[in-house]
Amino acid sequence: MAYKLGQRSLKMLDGVDERLQSVVRSAIGQSKQDFSVICGLRTIQEQRALVAKGASQTMKSKHIDGLAVDLMAYDADATPSGRWELNLYDEIADAMKSAAQEFGVSLRWGAAWHKNLTDWDGSAEDLMNEYIDLRRSQGRRPFIDGPHFEIAE
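Per the numbering used here, residue 542 is the first one in the sequence shown, and the count goes up by one each step.
Hints are computed from structural coordinates only; laboratory data are not their basis.
All residues carry an ideal CB built from backbone N, CA and C; glycine is no exception.
Accuracy of the hints is not assured; some may be wrong.
[Said to hold, decoys possible] Distance windows between CB atoms, simulated:
hint	residue 1	residue 2	range
1	623	676	22 to 28 Å
2	625	664	17 to 23 Å
3	671	545	29 to 35 Å
4	622	571	19 to 25 Å
5	684	587	17 to 23 Å
6	586	674	36 to 42 Å
7	671	551	32 to 38 Å
8	625	674	19 to 25 Å
9	555	644	16 to 22 Å
10	563	626	34 to 40 Å
11	559	587	19 to 25 Å
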């Protein structure tokens, strides 16, 4: 079944870099997991508020420049609301990787900050597990933001 972006998702892509828009639009048709766009372009004020409440860790967010999107997984059969189980985001990441490679866009995933998703030969799940292992070997806690995708420049 090929999924499609709804009107709300398309509106969220307004102001987002055209390369990333193309990737998201292609990925939804390739994905085994339905998703929507829940965040695209952010103002500095919006980012400041997210940092203040702990929902973001930086004022250098690529959302401010339109170079990032946050996607939410959906499972209409189980519940019409969004889903946060990480395995659903692995599926979305695999579709985003494929679409990014199709358009020649270098993409980073928020569940594996250490390498570009598009440069990775394996699955998104394997890349995330490598990131988690790396952080733990460094005595650091991994920062997993599965819904986040950004152009890596």
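Here is what the structure says about each hint:
1. 623 x 676: 22 to 28 Å: holds (26 Å)
2. 625 x 664: 17 to 23 Å: Given range 17 to 23 Å: holds, Cβ gap about 20 Å.
3. 671 x 545: 29 to 35 Å: holds (32 Å)
4. 622 x 571: 19 to 25 Å: Holds - the Cβ-Cβ distance for residue 622 and residue 571, about 24 Å, lies within 19 to 25 Å.
5. 684 x 587: 17 to 23 Å: Taking Cβ atoms as reference, residue 684 and residue 587 lie about 20 Å apart, which means the hint holds.
6. 586 x 674: 36 to 42 Å: Given about 37 Å between the Cβ atoms, the range holds.
7. 671 x 551: 32 to 38 Å: holds (34 Å)
8. 625 x 674: 19 to 25 Å: Given about 22 Å between the Cβ atoms, the range holds.
9. 555 x 644: 16 to 22 Å: holds (19 Å)
10. 563 x 626: 34 to 40 Å: violated (27 Å)
11. 559 x 587: 19 to 25 Å: Holds: the Cβ-Cβ distance is about 21 Å, inside 19 to 25 Å.
The structure fails to meet hint 10 from the earlier list, while all remaining hints are met.
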